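Start from the sequences and build out the full structure, keeping to the hints where you can.
For the record, the sequence lines run as chains A, B and C.
For the first sequence, the working numbering gives the first residue as 1, with consecutive numbering after it.
For the second sequence, the working numbering gives the first residue as 1, with consecutive numbering after it.
For the third sequence, the working numbering gives the first residue as 1, with consecutive numbering after it.
No wet-lab data here; the hints were simulated from the structure.
Since the model is a prediction, treat every value here as computed from it, not as a measurement.
Be aware that a few hints might be false.
Simulated restraints on C-beta separations [claimed, not checked]:
1. A:Gly78 <-> C:Ser247: 49 to 55 angstroms
2. B:Gly135 <-> A:Asp286: 38 to 44 angstroms
3. A:Ala283 <-> B:Arg274: 38 to 44 angstroms
4. C:Lys325 <-> A:Gly78: 38 to 44 angstroms
5. A:Glu277 <-> C:Lys325: 46 to 52 angstroms
6. C:Asn280 <-> B:Glu281: 37 to 43 angstroms
7. C:Ala51 <-> B:Ala290: 38 to 44 angstroms
8. B:Ala290 <-> A:Gly319: 43 to 49 angstroms
9. C:Asp33 <-> A:Leu275: 16 to 22 angstroms
10. B:Glu45 <-> C:Pro25: 41 to 47 angstroms
11. A:Asp249 <-> B:Arg139: 50 to 56 angstroms
12. B:Pro330 <-> C:Ala24: 34 to 40 angstroms
Idealized CB from N, CA, C, for every residue including glycine.
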Amino acid sequence: MTAHTKNNPSMDVQDWIDVDLTLAPGPYAELIDSAVQLKALSWSEKDKLLANKAVYFIFFNQSTRTRSSFLTGLQKMGGIAIALDPGSGIYTPALPGQEIPYATERVSDVARVLSGFGDAIAIRMYGEPAGWVYGQANRYMKEFADWAGIPVISMECDRFHPCQALADMMTIKERLGGLRKKRIVISWAYSGSWHKPVAVPQSLLLASTKCAMDVVVAHPPGFELDEQVMAAAEQYAAEQGGSLIVSHDLEEAVRGADIVYAKSWCSLGHLPRRLGEPVNEAAMVDLFEANRHWMVDERIMQCAGSSASYLHCLPADRGQEVSDKVMDGPQSLVFQQAANRMHAQNAIMARVLSPVSRTR
Amino acid sequence: MTAHTKNNPSMDVQDWIDVDLTLAPGPYAELIDSAVQLKALSWSEKDKLLANKAVYFIFFNQSTRTRSSFLTGLQKMGGIAIALDPGSGIYTPALPGQEIPYATERVSDVARVLSGFGDAIAIRMYGEPAGWVYGQANRYMKEFADWAGIPVISMECDRFHPCQALADMMTIKERLGGLRKKRIVISWAYSGSWHKPVAVPQSLLLASTKCAMDVVVAHPPGFELDEQVMAAAEQYAAEQGGSLIVSHDLEEAVRGADIVYAKSWCSLGHLPRRLGEPVNEAAMVDLFEANRHWMVDERIMQCAGSSASYLHCLPADRGQEVSDKVMDGPQSLVFQQAANRMHAQNAIMARVLSPVSRTR
Amino acid sequence: MTAHTKNNPSMDVQDWIDVDLTLAPGPYAELIDSAVQLKALSWSEKDKLLANKAVYFIFFNQSTRTRSSFLTGLQKMGGIAIALDPGSGIYTPALPGQEIPYATERVSDVARVLSGFGDAIAIRMYGEPAGWVYGQANRYMKEFADWAGIPVISMECDRFHPCQALADMMTIKERLGGLRKKRIVISWAYSGSWHKPVAVPQSLLLASTKCAMDVVVAHPPGFELDEQVMAAAEQYAAEQGGSLIVSHDLEEAVRGADIVYAKSWCSLGHLPRRLGEPVNEAAMVDLFEANRHWMVDERIMQCAGSSASYLHCLPADRGQEVSDKVMDGPQSLVFQQAANRMHAQNAIMARVLSPVSRTR
Chain A
1 MTAHTKNNPS MDVQDWIDVD LTLAPGPYAE LIDSAVQLKA LSWSEKDKLL
51 ANKAVYFIFF NQSTRTRSSF LTGLQKMGGI AIALDPGSGI YTPALPGQEI
101 PYATERVSDV ARVLSGFGDA IAIRMYGEPA GWVYGQANRY MKEFADWAGI
151 PVISMECDRF HPCQALADMM TIKERLGGLR KKRIVISWAY SGSWHKPVAV
201 PQSLLLASTK CAMDVVVAHP PGFELDEQVM AAAEQYAAEQ GGSLIVSHDL
251 EEAVRGADIV YAKSWCSLGH LPRRLGEPVN EAAMVDLFEA NRHWMVDERI
301 MQCAGSSASY LHCLPADRGQ EVSDKVMDGP QSLVFQQAAN RMHAQNAIMA
351 RVLSPVSRTR
Chain B
1 MTAHTKNNPS MDVQDWIDVD LTLAPGPYAE LIDSAVQLKA LSWSEKDKLL
51 ANKAVYFIFF NQSTRTRSSF LTGLQKMGGI AIALDPGSGI YTPALPGQEI
101 PYATERVSDV ARVLSGFGDA IAIRMYGEPA GWVYGQANRY MKEFADWAGI
151 PVISMECDRF HPCQALADMM TIKERLGGLR KKRIVISWAY SGSWHKPVAV
201 PQSLLLASTK CAMDVVVAHP PGFELDEQVM AAAEQYAAEQ GGSLIVSHDL
251 EEAVRGADIV YAKSWCSLGH LPRRLGEPVN EAAMVDLFEA NRHWMVDERI
301 MQCAGSSASY LHCLPADRGQ EVSDKVMDGP QSLVFQQAAN RMHAQNAIMA
351 RVLSPVSRTR
Chain C
1 MTAHTKNNPS MDVQDWIDVD LTLAPGPYAE LIDSAVQLKA LSWSEKDKLL
51 ANKAVYFIFF NQSTRTRSSF LTGLQKMGGI AIALDPGSGI YTPALPGQEI
101 PYATERVSDV ARVLSGFGDA IAIRMYGEPA GWVYGQANRY MKEFADWAGI
151 PVISMECDRF HPCQALADMM TIKERLGGLR KKRIVISWAY SGSWHKPVAV
201 PQSLLLASTK CAMDVVVAHP PGFELDEQVM AAAEQYAAEQ GGSLIVSHDL
251 EEAVRGADIV YAKSWCSLGH LPRRLGEPVN EAAMVDLFEA NRHWMVDERI
301 MQCAGSSASY LHCLPADRGQ EVSDKVMDGP QSLVFQQAAN RMHAQNAIMA
351 RVLSPVSRTR
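Pasting the structure below:
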C-alpha cells in the first residue's frame, strides 16, 4: 500500500498485533505489572475506565474464552462491546483480488467505516479463513490496521496471540512471584485435530524470553516454530540473561520445570505456501499420529516434580493433550490462567484506548 | 462426579433448574409476590439493581421471548448480557464421551472458565441438542451447575421451564387476585410439529399445585407427564389443600375453569431411552394426527365460560393449538403473560445474583 | 387487518418506514438540522439521552454499516441494543399463510411480545427474505408496525432506506453548505451482482426533491424506479422549486453536478409479481451485462468537474460500480457519509423514542 492512500498516517494509534515480537522487555514487564494491578482493583473502581468506548469484535473463528472475556471485561469497565460475525452478521471483509460482489467488502473500506463509529477493532483470524497460508492472517490484520484510524487488537492470528501470552505471564508471575531464571517448558502435545495455529507457543516464547526465563521448547521433529520468532527469542534470551533450548524429548525437557505449558499445534511444513493450495493433510495426520504419546499425564508431571505447575490456554483435548488427572489436579493453574485472560485484555484495552504512540 | 473434583463445593450458590420440584410452597409464593412488586417499580428505581453483573446466555435452542426478555430485563437493571451460541460463537460444551477435538469443550471446563469472568450462566437446552432423551438436558444443566462457581439458571430444559411458570403464576394472580382454589386446566393441544418438550406443563403443574390451585391436567391418552412430577404435584395438592385430577376430555375439563392453559407437547413414550437411538417418529406423528381436534377455539372457551382466561407460553401454532379468535380475543392474556416473562426473570436474577443458599 | 384486532390503535407511536414519501419538506429539513446538531455534541453531552431504552434490531439481511452504526449509536446514547437474527436466534416472524409450526411465529404475535419488553423495533428486510416481490418487505414492516405498541424503524426495506437518505442529506449539506438548487445526479451503476434493492435511490430521490435540489436520475433503459415514487418526487420538485429530470447518458448527466451518487440496483421489471414466482434472472443478468460501462471512474468525475463530490452508500463493488481512484480519491465523501449513518440514526431514534404523533 502506498503512503498516500493510508488512512490517518500521522495519527498516533497503538495496534496490538505483533507486540510480542516488537515491544521491548522493559515496557512488556511494566505491562504485566499493570495487568496484575488492574486485576486487583474492585469493579467499582474501574467500571468507568472505558466509559462509552465502543470496540468491534470480529470473529472469523469461534472461541469461548476470547469472546466471553473480551465482551465481559470491556463492559465491566463501562465500554460498549459489539460482536460482528463475518458472513452472517456483516459482509466478509476481503483483500483486493478476493472480493465477491454483495458478499464481501474490501478491508480498507470496512476499517475506515468502523473507524467512523467506534474506538477500536479486535480481530480473531487464523487457519481456514486465511486459507491456512502461514502469515496470511497476520498480514490481514495489518491491512486492517493500516487503514483504521482506531487501534486494531489481535485476538489471535496465525503468528501471535498477544492477549493469551500476557495472561500466561500474569499467571506465572502470580504463581512464582518472579519470572527471571524460572524454568518454563513450552511443549507441543498430541491432539486428534491438527487444526491449531502456532500463535500461542510463539507469543509465549517471545514473552518468556523477554522476561529472562529459562525456556525449553519441546516438540517432536517436524513441529518447528517460525525461524524468525525463534531467532528473536534467542536474542531476547541472550540480552535479558535467560536461556532458550530446544528438546525433542518431553520427559527430559520437563525435569526441574517450574511451568509445564503443553499444547498442540500444526506443522508449519505441511501448510500451503500460497492461497488456494491445499494443506498436506495426509502427511500432517501421519506426523500427528506418530506422536500420540506426547501427552501431559501424571507420569510427566512426576518427572517435572511436585512444585511444577501445569498451564494450557484451553480448550484442551482431554485424553490427548492432557490427562483428566493433570487438568483437574492440584498442579493445574488453567482456570486461574483463563480468568486472567479478562484482566490481561482489560489492561491492553485500557492502554490502546488511550493512544500514545504507534507501536506496531 | 466425586466431591473432590467439584468446583467451590462449599460456596452457597443458588441454581435455578429444578426449583419447581424442590422450592417449598411458602418461599415460592413469596417469590411470586416479589416478582409482582419488582414489576411495579419504575425502571429508574431498579436500573442499578444488577449493575455490573454479567450473565452468559447459552442458547442451544432458538427462542424469541426468552432471548429478548432476558437480554432486555438484565440490561434494564444495569447488568451485562452476553449471548453465546454453541457451534457458531463458542465451542459446544460437551459431556465426557461426547467430545470432538477443536469442536467441543468439556462442560466442566466451560463452567469453570465462565465462572472466572462473569456472575451467572443461563442455559436453554431441550430436544435435538440433547438427543431427545428425556432428562438428558436437565442432567446437562446440573453438570454445568456442579462445576460452576456461579449460579446456573435454566431457560428451559426437557423437564422444567421455571421462568415460564413464574411468569404464568404472576399473570394468573394479577388476573384472579388470588390463587387458592382457583381452577386451572393444563391441557395438551395439537400442533403440526411434535418437537415440543413437556417442560412448560410440568413446571406449571408443580407451581399451581404448590399454590393450592384446583388443577386439571387434560390430554389424550399417550401424552402422560413424567410420573415423578405427577407424584410431586399430587403431594403438593394434598399438603396445600388444592386438588389434581387428570382428564381425557378437553370439553369437560374446561367447564368452570378460571384459566385454560393449552399447549402442545410430545409423547414421552415415543422418545428414545438412550443417546443415539431414534425418536419413534411414525408413532409420534400418528398419535398427534389422531388428536387434531384438541384445539382451543371459541367453542371450548364457551364451555369454559366468559370469565375464563386463556393462557399460552407462545409461540402458539395458530389454527392448530388455538384459533385466531381465541388468541386475539378478549379472554386471551397471552401478551400480558409474555411481558411478565421479563419481570419474573428479573426477580429470579435479582435473587440468585445475591447468593444466600444453594437450593438445587 | 381490521381495526378491532389492532394493538394500541389510539397510541401516538411514530414509525419510521415510509417517511421519505410522507414526511413534509419542512419537518424533514428540520430533521437534517437536528441530526447535524446532535452530531456536534460531545458524547458526554448525549450519553444519557436514550438511557434504558431498549431497541430490537431484526436483521433478515446482513449489513456492516447498519449493524455497527445502530448498535454503537444507541449504546453511546445510553440505550440497550439487542440484535435478533431470524432463523438462528429467534423464530422467524411470518405473515399469515407463510407459517411453519415451531419455525416461525406470526408477525402480529412477535410485534406484541417485543412491545411488552422494549421500546422500539428496527427491521432490515429486502430481497430474498421477501421473495424478491417488490413492496413485500415494505408491507411486512407495516404489518409489524400495525401490531407493535412501540415504534418500528426501517433499516432498509425494498422501497425505502430512510436512515441512509438522512445520512446522505447531512453529508451533502455539510459539504455544500446548503441544498437548494444544488445539482445531484442519482445514477445506476454496474455490479457483478444484481441483488440490490431500489431503496437507496428512491429514498434519496424523495429527500433531495423535498430539499429543492436539482435532481438528475440517470440509468440505462430498464432500470426505471417505482412510478409512485417518481410521481411524488416530481411533485416535491415542483412545490419546492427544485427540478427532476431523467437521463440515459451518465456522461451527460454528471456535467455540472455538485454530487455524483451512483450505485447499482436491480430492474423492477424482472422481479416476480407474486410470492413463489421466480426472478427473471436470465433477463436481469443480460440487462446488467449490457451496461457494464456504467461505472464512475476518473473520466466521469472529470466530466462532473473538480468541485463535484462522489457519494455511495457502501458497500461498493470496486472496479464495477466505481474505480479505486474515485473511491479513495479527494472527491470521495463516502467515509464521512458512512460515519453520518450513526448520527442520522441517533437523531431518528431520539425522535421516535419520544413519541409525539404517528407519522406513517
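Results for each hint:
Here the CB-CB span from Gly78 of chain A to Ser247 of chain C is close to 52 angstroms, well matched to the stated 49 to 55 angstroms. Distance hint check for Gly135 of chain B and Asp286 of chain A: the Cβ-Cβ separation is about 43 angstroms, which falls inside the suggested range of 38 to 44 angstroms. At about 39 angstroms, the CB distance of Ala283 of chain A to Arg274 of chain B agrees with the hint of 38 to 44 angstroms. For the hinted restraint 38 to 44 angstroms between Lys325 of chain C and Gly78 of chain A, the CB-CB distance of approximately 42 angstroms keeps it satisfied.
Between Glu277 of chain A and Lys325 of chain C the C-beta distance comes to about 32 angstroms, which lies outside the given range of 46 to 52 angstroms. In this structure the supplied range 37 to 43 angstroms holds for Asn280 of chain C paired with Glu281 of chain B, their Cβ-Cβ distance being about 40 angstroms. The given range of 38 to 44 angstroms is broken by Ala51 of chain C and Ala290 of chain B, whose C-beta atoms sit roughly 54 angstroms from each other. Range check, Ala290 of chain B to Gly319 of chain A: Cβ separation about 48 angstroms, and the 43 to 49 angstroms hint holds.
In this structure the hint that Asp33 of chain C and Leu275 of chain A lie 16 to 22 angstroms apart at CB is violated, the actual value being about 49 angstroms. A C-beta distance of roughly 43 angstroms is found between Glu45 of chain B and Pro25 of chain C, which places it inside the suggested range of 41 to 47 angstroms. Remark: the range hint 50 to 56 angstroms for Asp249 of chain A to Arg139 of chain B is contradicted by a beta-carbon distance near 43 angstroms. For Pro330 of chain B and Ala24 of chain C, the hinted distance range of 34 to 40 angstroms is satisfied, since their beta carbons lie about 39 angstroms from each other.
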